[in-house]
Amino acid sequence: MPVTRGFNRRRETTPGDRLPPGQYLERGFPVLSAGPTPETPLDEWTFRITGAVDAEREWTWEEFQALEKETPTVDIHCVTTWSKFDTTWEGVSVDTLLDGVEPLGGYVTAFSDGGYTTNLPLEDLTGGRAWVVYGFDGEALEPEHGGPARLLVPHLYFWKSAKWVRGLYFMESDDPGFWETLGYHDRGDPWLEQRYQGD
Amino acid sequence: MSSVIRATDWREATVAAIAPETPRAATLTLDVPGWDGHRAGQHVDVRLTAEDGYRAQRSYSIASAPEDGRPMITVEELFDGEVSPWFVQVAAEGDMFEVRGPFGGWFVWDASETQPIMLIAGGSGLVPLMSMLRHRRNAGSQVPAKLLVSAREADDVLYARELETIGVDVVLTYTRRAPRDWTGYTRRVDRAMLQETAILGGRTYICGPTTFVETVADHLVALGEPPANIRTERFGGG
Amino acid sequence: MEHLDGNAAAGELSEVFALDVTTAVATCAGCGMTGPVAQAMVYEAGMGTVLRCPQCDAVLLRYVRGGGELRVEMRGIRVMHWPT
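Chains as they are written, first to last, in this note's numbering: chain R, 202 to 400; chain Y, 0 to 237; chain W, 18 to 101.
Honestly, I wouldn't trust all of these hints.
To be verified - Derived CB-CB ranges, DEER-like:
| # | chain 1 | residue 1 | chain 2 | residue 2 | range |
| --- | --- | --- | --- | --- | --- |
| 1 | Y | D35 | W | G83 | 24 to 34 Å |
| 2 | R | V232 | Y | P32 | 18 to 28 Å |
| 3 | R | E343 | Y | T164 | 21 to 31 Å |
| 4 | Y | L199 | R | V204 | 20 to 30 Å |
| 5 | R | T327 | Y | D154 | 25 to 35 Å |
| 6 | R | G229 | Y | N137 | 49 to 59 Å |
| 7 | R | G229 | Y | P22 | 36 to 46 Å |
| 8 | W | C48 | R | G339 | 32 to 42 Å |
| 9 | Y | G36 | W | W99 | 30 to 40 Å |
| 10 | Y | N137 | W | W99 | 42 to 52 Å |
| 11 | Y | P22 | R | T251 | 34 to 44 Å |
| 12 | Y | V89 | R | E259 | 55 to 65 Å |
| 13 | Y | G36 | W | G83 | 50 to 60 Å |
Said to hold, decoys possible - Interface residues of chain Y toward chain W, partial, derived using beta-carbon atoms under 8 Å:
| # | residue |
| --- | --- |
| 14 | F106 |
| 15 | T214 |
| 16 | H218 |
What the hints assert, rightly or not - Some chain W residues near chain Y, calculated using beta-carbon distances under 7 Å:
| # | residue |
| --- | --- |
| 17 | E19 |
| 18 | D22 |
| 19 | N24 |
| 20 | V42 |
| 21 | T44 |
Think of the hints as simulated: they come from the structure by calculation, not from any bench. Computed from a predicted model, the values in this text were never measured in an experiment. Virtual Cβ for every residue (Gly too), placed ideally from N, Cα, C.
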């Protein structure tokens, strides 16, 4: 394997303990997608809590906007190795959405317009660690970044933060989602470098 | 084929020569041991490895005709690109990287084809079409052919001089700035332009950025071209 | 980032298929459209590659190389054929 003279990675890794192993700091905000950007009109948009729960819930866009808002500032880490620090979002804590909901299963699949799914343990969605966000950097979340609303679970690799999210489906046993069936990790903790199954 | 190397294996490529095409693009002639030829329109994958093991991979269309010997690629430097600046600004004779290919069985043209061909290029989308035109010229083909090139400005037109003698009508449209005294098109390719310039009813090849390719293809279909006669290749970033 | 087309996946899929996929024709298991794989919509998602039907956007094929494995999922293709 020849080394190419004069070729170097463009990015720089920042020393320090904010960057998980194998990551580098990105100044832009890469847009990567597994499919076309969905275009769901807000008057058709709903968010649902469904599956293994005591009672299903559903909110329209207006109802969702009326829920208690939070503005988390978080670092995000993509499994393709880029990380961004101090990203600011606006949305609803998953704890708020699950308030009064009794889960009957310990696993969740987040499902999105366009068919994308991702699975994660319920405990990674609670305790102030996850949101459904509709604002980024002080503006409405753009479609290419997952708008009108996306899941935000910053303590896991960013593929778990499903773009164009429409609901959470609770399950008694884990069910690999879009990328997980292709070998990516069921949980995806960047600090443990859980990129692939078996990591 | 005598070589045991499959086209799908990565193999070493050495820069045999490099020549600027435009202020932002260069053509590199490559020595690739075991190279078994290619078809006009095909591309190669290239892979660069940095000293720390970091690797980056891209695809580039082959600019040379099949009968022109060693393969040549033309690379246009993209703003904020990671790989293209290396090819255009850094690469020198003797430098090495890896290639894989050639690939492509759809976006290809052989001089044995008899249908008229309409070639439509957006920027560096001209590269694989140039391979086809060079092949057509080498073969002495009389198949009716025409080229429409959309470029930002005159400095961005690849192979400008060679296009004057390539043996087909070449229509240029400039989307940012036209040369002084230019009396030709100065806008993005649209339906009226295609109606005025395109050979319809044969086979059309469209290459360039995704938006360009899809817009042009949609216009052609609206003009009555059967979609099956339109072949497209979309280019990405670099 | 925009999508590309099947031409862009030729090299990657040469790691899986012995024949160049850009010479293949595929039938979408979703809508039944039959067309050249070269004209499928390709999404290079960073995490893997996704080929979608140009007519209905259904996933034709998904490919991931990582974690010491190469995985391909092709339920979305009813049949794929190459001329020989």
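To see whether the hints hold, each was checked on the structure:
no.: 1; hint: D35(Y) to G83(W): 24 to 34 Å; in the structure: 31 Å, holds
no.: 2; hint: V232(R) to P32(Y): 18 to 28 Å; in the structure: 39 Å, violated
no.: 3; hint: E343(R) to T164(Y): 21 to 31 Å; in the structure: 48 Å, violated
no.: 4; hint: L199(Y) to V204(R): 20 to 30 Å; in the structure: 50 Å, violated
no.: 5; hint: T327(R) to D154(Y): 25 to 35 Å; in the structure: 58 Å, violated
no.: 6; hint: G229(R) to N137(Y): 49 to 59 Å; in the structure: 44 Å, violated
no.: 7; hint: G229(R) to P22(Y): 36 to 46 Å; in the structure: 25 Å, violated
no.: 8; hint: C48(W) to G339(R): 32 to 42 Å; in the structure: 41 Å, holds
no.: 9; hint: G36(Y) to W99(W): 30 to 40 Å; in the structure: 20 Å, violated
no.: 10; hint: N137(Y) to W99(W): 42 to 52 Å; in the structure: 29 Å, violated
no.: 11; hint: P22(Y) to T251(R): 34 to 44 Å; in the structure: 57 Å, violated
no.: 12; hint: V89(Y) to E259(R): 55 to 65 Å; in the structure: 57 Å, holds
no.: 13; hint: G36(Y) to G83(W): 50 to 60 Å; in the structure: 33 Å, violated
no.: 14; hint: F106; in the structure: 6 Å, holds
no.: 15; hint: T214; in the structure: 12 Å, violated
no.: 16; hint: H218; in the structure: 17 Å, violated
no.: 17; hint: E19; in the structure: 4 Å, holds
no.: 18; hint: D22; in the structure: 5 Å, holds
no.: 19; hint: N24; in the structure: 5 Å, holds
no.: 20; hint: V42; in the structure: 10 Å, violated
no.: 21; hint: T44; in the structure: 15 Å, violated
Hints 2, 3, 4, 5, 6, 7, 9, 10, 11, 13, 15, 16, 20 and 21 from the list above are not met by this structure, while the remaining hints are.
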